[in-house]
Amino acid sequence: MDDAMNRRDWLRKLTISGAAAGLGASAARVTAAQNPGEQSGFQSSVINPREVQAQRCNPSVENGRVLQPARELPVLHTTDVLVVGGGPAGVCAAIAARRTGVDATLVERYGHFGGLWTGGLVLLVIGHIVKGGQQVCQGIGEEMMRRLDGMEGAIVDRRPGVAPTVDAEAVKYLMVEMIEEAGVKVLLHCWGVDAIVKGDQVQGAVFESKSGRQAILARTVIDATGDGDLFAAAGATYERRSHNVGLVSRIGNLDRVDRGRAAGATEPRHLGSITPVPGVRWVNMHGPEVDGLDVEVLTRMELNHRKFIWNNVMKTRHTPGYEQVYLVETAPQLGVRITRVLRGLQTVTLDDLKNGTRYPDVIGVGGASNGEHGPWQIPYGALVPERTDNVLAAGRCISAEIRMADLVRLIPNCFVTGHAAGVAAAVAVQDGCLVRNVEVTKVQQVLRDQGAYLG
Amino acid sequence: MNEQPADTQGEAAWRAPARVLLRQLPRLAALAIAVMLLCAAAEPWPILVPATSPLVAAATWFSTWTVSAFAVPGWVIGLVACWWHRGFCRWLCPTGCCADGASWVGRRCGRRPRRSPRIGQVLAVVVLAGAALGYPVLLWLDPLALLSGAAGVHSGHLNFSPSWGALGLGLVLMMSLLWPHVWCRRLCPLGGLQDVLAATMRRAVGSSSIRGRPWPSASPARSVTGLPRRAFLGGAVGLAWAALLARWNPQRPRPLRPPGAAEDERFPSLCLRCGNCVRACPAGIVQSDTGRHGVGGLLAPLLSFDDDYCWESCNRCTLVCPSGAISPVTLAQKPHTRIGVPQVDMNICLLGDDRECAICRNRCPYDAIRLVFDEAEYTLTPRVDLQRCNGCGACQVACPTQPRKAIEIGRWDSGQKLSG
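Those protein sequences? They're chains A and B, same order as listed. So the first sequence is residues 308 to 762, counted in the numbering used here. So the second sequence is residues 153 to 572, counted in the numbering used here.
Among the hints, erroneous ones may be present.
[Claimed, not checked] Here are the in silico distance ranges between beta carbons for each label pair: (1) A:Arg-665 with B:Thr-442: 35 to 41 Å; (2) A:Ile-709 with B:Arg-556: 24 to 30 Å; (3) A:Val-469 with B:Trp-217: 55 to 61 Å.
[What the hints assert, rightly or not] Output of the computed footprint for chain B on chain A, the stretches with three or more beta carbons under 8 Å from beta carbons of chain B: (4) 585-593; (5) 677-684.
Just so you know, the hints here were simulated from the structure itself, not pulled from any lab data. Beta carbons: idealized from backbone N, C-alpha and C, even for Gly.
Turn these sequences into a full structure, and let the hints steer you where they fit.
Set out below in structure tokens:
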């Protein structure tokens, strides 16, 4: 018994002293960088201040202006098709490019894919059908929806002619699965901040991340940022628009509303619509019409909206019968609808929609938000900047007049333009040409082979 | 026994169809031209058919104090009718041609003309007296308007409403089958007007200078016997009717009228029911009222935004109205010519439920709708700028809510047109 006690004491003493020795040792090794502590199990390294000094290139204040000296950026990666932005358009583009047979790299600023679909909690998928009930969104987008059908609790209301609602976590999971199956190189937590440009040709993009400012070189870049960050940085002409910026939330326990007690009271507002999770509803928000590129504005929106959502849920809880309703979450990502819009070789217009214009270079067919009109064709020229080359727009920032903004930005229409941009970029790489000179009939053929609907 | 001479004439016509047919040739040609104008020609030519009627020309002038260039044939025929009694009926009237055809069949089936009071003369005076107060009531009984209305059957829009325009001509033909010749001789207000004109001239300048027998009676005195009494009766009825309409303000919802339409109290009176506007509308939104808004407005044009809206690029319906019920509107005036006012029901509007929709704003041809963020409700609300909006209905057509639309064009009752 005593022996045992002694042994335990001895062991404890040994551990303490060992740890102390380890600390002392690492404190002593001031010059050893990149040397993980093998014995202790901790992963750590110490950076040499002089080495840091050599790499440092801090901005300084010169005559009241903050200037940053020129510096060399480490090249993180080199690829054929670089897709910036992992929302519905970017994911479709990366998968499509990889399936067409080239290297594809997908860079996303958050820790998950899906963009506003998942991070923005825009769970209702509208825009895949047109008047009469025909579904125009096919291809990779429809493949995703079919795979969600096969997953448990991933999608509801999936019937012909109806807008389904998905579960954000299921979509995040599925997107990773599909991206890995396709073999796309992925980088998360990377924010695309600049384009690498020579003349009018984009050669890659610069990213900020916890690894610092790094470059990825690519033969073709797809701007699926939604805000057109890349083509704007590359000098392409664009239009800057204001739109409603809101914050979506989810509320729970709606299945526990006491209907008997609620009968007399006026029904609370902002109760949203169903999700695949029982009792949980997602609540959309329009928000005021503001510039979604102004960080001050975005901050104000975020703060105001969060305050409103909390207060509104409290108000709901004080309605008889609704006492158990609670706020599940506010969306991690602010609901910015439209900001920059590309000036492309062609522009999608409302008149074209009304007239049913057919383009020889059609690369997809868009749907209606609530089934109130027919299909409209999207020409390849709407993805291609007027002058800047080797960059394609995909998603909500493609070239469309302002009256079309509310159609172009819908998730299924982002699937369609993303899919087309991915295939077109891959074909351009394979044929060794600029994206504006790509053989559109070949792109159309590959798109059809991949299940896309071109009218 | 009074009708004996007419009967004899009818019998003669029955016995010698070839001669009658030969005499019908000018009227058949007029009928063919009228049908061509109504069905084939571009606007404003369909206007010529109803505008050829002197009754329409006079009533339009009395009620609106405007004279269209297209009314010139009407005035010419009216002048001729003063000197040549019922010449128009005998040689030109296309409706008369149809009615006589039906009468011929009726007689063949053994029907005989019946006695009837000369209602046409009363009707003509009713129309003109009403017109003097701005309400040319019963003007739609004009035979050329009836013929024009019947052409709606061929308008190409496969909905039910244009075929209602054929109702008037159908009744005339049916009447002629059952009681041969009674329409032309006794009921037609245009014929009655010619009787009145000829009788007045006869009295003024003496009967010798008036050409043509007072038709259909062989006796010149017959048709004008009791004319002052009928004129007095017609005038009194017309004035009383018009005065009643001017005062009467029914509470039932009024339909939307085409752009440039006269104020709704007068519109059903001014409208000929010729169907020109219904046929002219390329969008198919100008439709004949099938009685949903009361008997008074039966067959008058109304707007239906079920399938399409009033195109900003079109003013065709305003160019084909012969009676001034719809004044011409140029494309430059169109944005300022009010049709109605959009009304939003936020209980139905998708935005009220936080759903994504902006189609009314995106489809508005005049950029009149803004989606305003309401800080209190924390949602968007469509707001209409009435300085820009003319009520064209594009928003209503586009609105996706079912079965009722969240945005609907309602009546504009505090004045018909915007200034400017």
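That 24 to 30 Å hint for A:Ile-709 and B:Arg-556 (C-beta), does it hold up? The hinted range 24 to 30 Å holds for A:Ile-709 and B:Arg-556, with Cβ atoms some 29 Å apart.
Can you confirm whether chain B covers the segment 585-593 of chain A, using C-beta to C-beta distances below 8 Å and requiring at least three such residues? That given contact holds, which follows from 4 residues of the segment 585-593 of chain A lying within Cβ reach (below 8 Å) of chain B.
Against the range 55 to 61 Å, how does the distance between the Cβ atoms of A:Val-469 and B:Trp-217 compare: consistent or not? 59 Å, holds
Given the hint of 35 to 41 Å, check if A:Arg-665 and B:Thr-442 actually sit that far apart at their C-beta atoms. 39 Å, holds
Would you check chain B against the segment 677-684 of chain A, counting CB to CB pairs closer than 8 Å, and say if three or more residues qualify? Held - the segment 677-684 of chain A has 4 residues with a Cβ nearer than 8 Å to chain B, which meets the minimum of three.
Of the numbered hints given earlier, the model fails none.
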